[in-house]
Amino acid sequence: MTRSTEDFEEFARARTPQLYRSAWLLAGEHHLAEDLVQETLAKLYRAWRRVEQTDNPAAYAQTVLARTYISQRRRKSSTERPVERTPDRPDRSGDHELRLSLLQALAELSPMDRAVLVLRYFEDRSAEQVAYDLGKNTGAIRTRTSRALGRLRTVLGDEAVYLAWEPCQ
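For the sequence shown, the working numbering gives the first residue as 8, with consecutive numbering after it.
These aren't lab readings, by the way, just hints derived from the structure by calculation.
Glycine included, each C-beta is placed from N, C-alpha and C at the ideal position.
Some hints could be false.
Have a look at the derived ranges for each label pair, beta carbon to beta carbon [claimed, not checked]:
hint	residue 1	residue 2	range
1	R154	R10	45 to 55 Å
2	R56	R160	19 to 29 Å
3	R10	R160	44 to 54 Å
Take the sequences, apply the hints, and build the full model.
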């Protein structure tokens, strides 16, 4: 195994939990999040020699994840949904109803709005970084953030006041 491959494997092991968390927030489903992380890591592996020389490979990975998610959502097949869903295991942390409300509210947003909110508030990125990651200008990201938050508040209604998010593990 080459040193570059070993470096990638080490990077992938270290960053996969964070990538999965972001993917889960974007996709709203365990299996779709896993697929999104897998596709992101495959893209990173193909370009690893170039990626590892960047200033921040972790930020590059998040950018690839967000752009991959948006590309997937544009495909017609992305609207397919299973008829029955059985959870792999119950989530035992936090307030389940609020978590489900948030996921349902995020699911009602457009893929770009969801990506903007996840990157801004769950990944704690600046508007400038989100704009760079998504290939938009900063003003457009600020406008989209404001409008997406308004839609999210409308969907959540009174529950928005009580919403407290605990990161998934």
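Going down the list of hints, with the structure as the test:
{"no.": "1", "hint": "R154 x R10: 45 to 55 Å", "in the structure": "holds, 47 Å"}
{"no.": "2", "hint": "R56 x R160: 19 to 29 Å", "in the structure": "violated, 45 Å"}
{"no.": "3", "hint": "R10 x R160: 44 to 54 Å", "in the structure": "holds, 50 Å"}
Against the hints set out earlier in the document, a violation occurs for number 2 only.
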